[in-house]
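**Q** Here are the chains, one letter per residue:
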Amino acid sequence: MADNDIIEAPSYEDTISLLKAKFGDKLVFRTSTKKNNRAINQKRRIFLSTDRETIYPLCEYLHGKLNYEQATSVCGVDWVDHLQVVYHITNYFTAVMVEIEVDVPNDDPHIASVTPIWGGANWHERETYELFGIIFDGHPKLERLLTPQSYEFYPFRKSYKLRGQE
Amino acid sequence: MDMSLYPHAVAMSADEFMTWSSAMINEMLSAGTKKTVDNLTGPIWAWAMRNSMHPLHFGLACCAIEMAAASAPKYDAERVGMIYRSSPRQTDVLLINGWISKKIRPDIRRLYEQIPGPKWVVAMGECAISGGPWYDSYNIVQGLDQIVPVDVYIPGCPIKPDAMIDGFMLLQKKIDAYFKRGVFMED
Amino acid sequence: MTEKMNADKMWVTMGPQHPFSHGLWTLRVKVDGEIVVDAEPEVGYLHRGWEKECEQRTYAKIIPMADRLCYSASMTWSHLYCKAAEEALDIEVPERAQYMRVIADEICRIQSHLMWLAAVGTDLGNLTVFLWALREREFFLDLNVRLCGQRLTTNYPRIGGVRSDMPYYFERDCMRAVEHFEKTLWEIIGLTDESSIFVSRMKGIGYITRKDVANLGITGPAMRGCGVDYDVRRDDPYDAYDQLTFEVPVLKEGDTYSRYMVRIEELFQSCELIRQAMKKLESIPKTAPYRVKVPRCVPAGTTCAKIEDPRGESIMYLVSDGSERPYRLKVRSPVFVNVSASKNMVVGNRIADIPAIMAMIDMCLGETDR
Amino acid sequence: MPYNSILNWIVFTDPMQNGYYPYSVYNLPYDIGLKLWELLGGLIAWLINLLVPGNCVSTWLVCDQVANVFAIILMVVVIFAVGFIINLTMIWEERKVLGRMMDRRATKIGPLGYFQCLADGLKTFMKENIAPKKADKKIYWWALALVIGVSVLVACMVPLSGRWFIADYGTGLLIIFGLFALAPFLILCAGWAQNNKYSLIGGLRAAELMISYEIPMLLLLTGVILMTGSFNINDIVNAQYENTWYIIPQFLGFIVFLICAIAESERVPFDLSEAEAELVEGWQTEYAGMKWGLIMLGDYFRGYVACALVVIMYLGGWMLPYFGSTPVPELVFIAKVFLVFFIFVWARAALPRVRTDQILNIGWKILMPLAVVNLAIVIALRMGGVF
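Protein chains in written order, with our numbering: chain D, 1 to 166; chain F, 1 to 187; chain B, 1 to 370; chain V, 1 to 387.
Bear in mind the hints are in silico, worked out from the structure with no lab data behind them. Glycine included, each C-beta is placed from N, C-alpha and C at the ideal position. A couple of the hints might just be wrong.
Partial selection, computed: residues in chain V whose CB lies under 10 Å from chain B [unchecked claim]: (1) Lys197; (2) Tyr198; (3) Leu204; (4) Ala207; (5) Ala275; (6) Leu297; (7) Arg348; (8) Val354; (9) Thr356; (10) Asp357.
Away from chain F, derived, C-beta distances all over 12 Å, residues of chain B [stated by the list, open to error]: (11) Val31; (12) Pro41; (13) Glu42; (14) Val43; (15) Leu46; (16) Ala119; (17) Glu138; (18) Leu152; (19) Arg172; (20) Ser200; (21) Lys211; (22) Asp255; (23) Phe268; (24) Cys271; (25) Met278.
Only pairs whose alpha carbons sit at most 30 Å apart, straight line, appear in this in silico DSS-like list of lysine-lysine [as the list claims (entries may be wrong)]: (26) Lys183/B / Lys141/D; (27) Lys102/F / Lys134/V; (28) Lys173/F / Lys34/F; (29) Lys183/B / Lys160/F; (30) Lys203/B / Lys158/D; (31) Lys336/V / Lys119/F; (32) Lys280/B / Lys35/D; (33) Lys34/D / Lys183/B; (34) Lys61/B / Lys161/D; (35) Lys365/V / Lys119/F; (36) Lys286/B / Lys35/D; (37) Lys279/B / Lys102/F; (38) Lys137/V / Lys30/B; (39) Lys108/V / Lys30/B; (40) Lys343/B / Lys102/F.
Turn these sequences into a full structure, and let the hints steer you where they fit.
**A** Next comes the structure, spelled out in structure tokens:
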């Protein structure tokens with residue numbers, strides 16, 4: 001098999017072994033302890049975390065080589081001491097979903113945009129930008145989407161308190 | 001008003017004319033002309049208006065689905081003369097059926113101003129009445145009455161189509177009262 | 001100079017108050033005569049910070065909030081939330097509850113698709129389709145009322161099961177409604193599919209290729225109308241869906257008509273699913289539990305639940321920190337992604353096609369803006 | 001004058017005996033107008049004569065010339081009033097039939113819901129009169145007035161029977177067609193003047209629509225004219241009574257004309273200029289209050305004319321086969337109009353709206369050849385001596 005061939009339906013094991021071979025110790029695989037979850041028992045979820053330098057080549061590899069066609073979701077989490085971006089990426093042929101966690105420091109919230117790879121990530125990244133203030137480098141139009149343009153705060157950060165919140 | 005009866009009115013400035021004409025109207029009011037005309041024509045206008053309420057075709061949220069269901073065969077809101085028009089110019093009732101975010105707030109105000117008077121506003125559902133379940137949200141206006149005057153509140157989350165028709169029948173009573181007060185020479 | 005050369009093109013803002021939008025969003029289109037040359041969707045008019053508000057509610061309190069995410073498919077959303085919480089708690093739902101959830105989900109799917117069919121009717125200028133579809137929808141809303149007391153926002157699923165057992169004779173009523181519906185759906189199809197004007201309005205517009213549809217993240221019937229053979233119910237089964245046999249309709253054309261056909265076929269499949277689930281439910285004793293008790297607090301960790309919404313693939317990503325409130329609850333709404341791809345669908349078509357193309361997304365802004 | 005009895009002043013005369021009678025045949029609305037004036041004018045003349053006996057004004061009021069003038073004015077009022085009532089009934093018919101077809105009861109205001117459109121109309125008189133600030137005011141008002149005026153005029157031009165007409169021209173049908181075709185042009189003007197993008201597109205669509213069905217329509221008219229040998233409506237109707245209704249030899253033409261008539265009156269499935277789904281309210285988006293009410297009235301007047309044309313050209317007008325002219329031919333005519341309008345409403349309930357390029361395709365690739373085929377059939381029949 002040539003290097004640039006697309007593997008149309010890489011199985012759960014194939015995906016893990018290929019990713020390990022390609023990226024080595026830059027990826028940290030996690031296993032779930034859940035007993036009753038059917039999707040995990042039947043090997044349809046891969047959990048891994050990486051750093052923000054690796055995310056763009058990783059996504060390119062997932063899309064170009066392993067045929068993970070769809071960026072199902074991109075979302076942010078505010079862990080107070082740092083921010084986190086979580087990607088969910090799906091392959092339609094095997095229904096395997098990869099969950100990638102990437103940590104972003106508070107003082108420098110920059111990360112590479114995956115919109116050039118998956119057009120579907122466009123609005124997810126815009127939304128994450130406006131709600132968390134994470135800046136996606138290389139995004140074609142990083143503007144506020146849901147909230148009015150005049151807003152200057154990032155409402156989903158834990159430092160922003162709602163009415164009635166202590 | 002027949003201007004030939006008041007030749008001096010022609011030489012007035014606009015401000016003078018305004019004060020003078022309002023004085024004239026007050027005079028006519030005290031003379032009972034207005035009352036007579038109102039008593040004669042009021043019931044006709046009230047009948048026409050209350051049987052032909054055209055709400056704005058404007059779906060916001062959950063209650064919009066029930067608004068559609070109200071015109072469905074089971075409830076059939078056309079029986080009371082309700083037809084949804086899409087252009088605010090041709091409507092009488094602004095029916096707000098959902099929560100109002102800060103982004104839509106100026107548009108709702110503008111729609112209200114585009115409706116030619118006499119106009120009525122109906123707040124449908126908890127969100128339009130008081131913000132409803134989004135009481136602590138950072139992006140929701142807590143109640144429609146903060147931006148436009150509201151005539152009828154229809155509570156429910158979401159309200160049922162029969163409750164909505166009932167709300168419009170309440171509005172009919174309000175329209176009756178409005179025309180009983182009299183509209184002759186109001187503008 | 002370029003300004004002058006483009007003077008014959010103009011931007012038309014369709015929305016937020018526009019009869020085609022079926023909700024509150026704006027599609028700005030640049031038209032050259034009648035042909036659309038550029039488009040730009042804009043959402044956010046219903047944004048209320050749902051996810052942020054959930055961080056203040058306890059787990060049980062979020063169920064009615066989830067109902068109000070998408071008002072015409074509220075059952076699937078509260079189901080999805082309960083599923084996310086159950087996966088975080090790592091518990092298994094009793095079998096009886098699983099089947100009841102399937103039935104409730106499919107009733108919800110049918111009434112949601114009927115709302116969509118009604119919207120298609122008005123978008124193409126045929127009011128009869130609108131009213132007949134709503135007439136049929138009332139039967140399923142009545143079933144909702146029997147099952148949970150509300151027409152739209154049902155508040156039926158619970159973490160660890162469902163709220164209550166089925167009422168007496170629900171089975172009989174449900175089967176009656178389904179059998180009646182399978183007949184009357186053909187009446188509505190007689191107004192749509194068998195009308196050559198309708199078919200000529202739908203065919204050949206809004207093309208999107210299989211490659212694009214995957215890349216843009218479009219899911220649900222819109223995706224299956226473009227040749228992607230993927231349905232969460234079958235490929236990533238949840239609840240009792242792996243015990244039931246059903247077909248996933250897939251069409252290869254990729255135009256508006258194939259998306260329409262997929263949804264119509266799904267209506268028949270949902271009827272079939274309800275029938276099968278009812279039959280399986282008969283073999284489970286009525287005294288079997290329909291709910292398990294769950295702890296108040298959820299252990300720390302992350303979980304990700306998936307479900308097939310009537311509009312596409314919905315995901316809830318739940319981060320819990322061991323307290324009685326979620327730390328973060330992310331909602332992946334199918335319409336949010338589908339509408340972002342609207343530019344690819346409408347460019348090159350006519351203004352008159354925009355309602356027809358957009359109707360196939362089945363807009364529901366409550367879940368889009370959250 | 002020496003006598004003062006009211007009966008001496010109110011004298012009902014035969015209109016044909018009036019020296020200034022404008023028509024050559026009996027005209028019922030003129031008769032009604034004349035009788036009304038003889039009643040009204042006689043009363044006034046009698047009153048004046050009571051105050052000032054033997055004055056000249058009283059005799060002047062009841063003389064032939066003055067009676068003729070007032071009779072014509074009242075005749076126009078009568079014709080308009082009847083047209084208005086027909087119009088209201090058509091709106092009522094549409095809403096009721098549409099409601100029943102959609103499985104609901106529709107209007108319930110007044111007896112059988114008949115007063116609903118009256119309430120709608122009266123309400124628009126109460127509404128505030130607003131015009132957009134940046135609209136071209138002159139054209140905004142004039143185009144509107146002309147749209148309504150042309151619609152009402154063309155509706156009044158349609159004769160209800162051999163004795164109910166406003167003018168008995170030799171080219172009656174052609175004038176109606178000419179006036180009918182004016183409306184889309186005025187709609188284009190009105191759409192442009194509102195300074196609204198939706199109404200502009202709606203106006204453009206009206207023009208686009210017109211070029212697609214106007215020519216087949218005139219070709220069909222040619223078929224009817226060739227069969228009759230006259231433009232006169234009376235002649236066309238009589239010729240159909242003597243031979244057969246033209247729907248039988250020209251069934252193809254009837255179907256094509258029905259489609260064209262629906263398009264001409266801008267009703268579903270051809271209501272492109274007010275396509276609600278994409279253009280809000282189309283070319284009437286910015287017309288508020290009473291203006292909009294009158295536009296709706298004008299729309300239905302045009303719908304009435306379209307139905308009336310179908311009845312005149314293909315369904316034998318006010319004549320019935322075997323019976324000929326009934327005692328009240330007007331009612332026969334109106335009943336036929338309502339029947340044709342029922343088909344219009346049926347089409348509205350059953351069909352979705354077509355697209356702009358599709359209407360051009362239908363007009364030029366289907367309706368036009370069919371109209372030519374119809375014309376060929378007519379010529380063949382004519383040459384063969386059947387008609």
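**Q** Minimum Cβ distance from Leu297/V to chain B below 10 Å?
**A** Status violated, d = 21 Å.
**Q** Glu42/B: least C-beta distance to chain F exceeds 12 Å?
**A** Since the minimum Cβ distance to chain F is about 9 Å, Glu42/B lies within 12 Å and the statement is violated.
**Q** Do the numbers back the hint for Arg348/V, that is, is its least Cβ distance to chain B under 10 Å?
**A** 8 Å, holds
**Q** Confirm or reject: Met278/B is not an interface residue toward chain F, with every Cβ-Cβ distance exceeding 12 Å.
**A** 25 Å, holds
**Q** Hint check: Lys280/B vs Lys35/D, CA-CA at most 30 Å. Holds or violated?
**A** Given that 30 Å is the threshold and the Cα spacing comes to 26 Å, the pair holds.
**Q** Does Lys161/D lie within 30 Å of Lys61/B when you go C-alpha to C-alpha?
**A** Holds, because 19 Å separates the two Cα atoms, which is no more than 30 Å.
**Q** Would you assess whether Asp255/B, listed as outside the interface, keeps its beta-carbon beyond 12 Å of every beta-carbon in chain F?
**A** 27 Å, holds
**Q** Does Lys173/F pair with Lys34/F here, judged by a C-alpha cut-off of 30 Å?
**A** 22 Å, holds
**Q** Decide if the proposed pair is consistent with the structure: Lys102/F and Lys134/V, CA atoms, cutoff 30 Å inclusive.
**A** 28 Å, holds
**Q** Would you check whether the claim that Ser200/B is not at the interface survives, using Cβ distances to chain F and the 12 Å cut-off?
**A** 25 Å, holds
**Q** With the threshold set at 30 Å, check whether the alpha-carbon distance from Lys365/V to Lys119/F stays at or below it.
**A** Cα-Cα ~48 Å, so violated.
**Q** Hint Ala275/V vs chain B: min CB-CB distance below 10 Å?
**A** Hint on Ala275/V: holds, closest Cβ of chain B at ~7 Å, below 10 Å.
The structure shown violates the earlier hints numbered 4, 6, 13, 14, 15, 16, 17, 18, 26, 30, 31, 33, 35, 37, 39.
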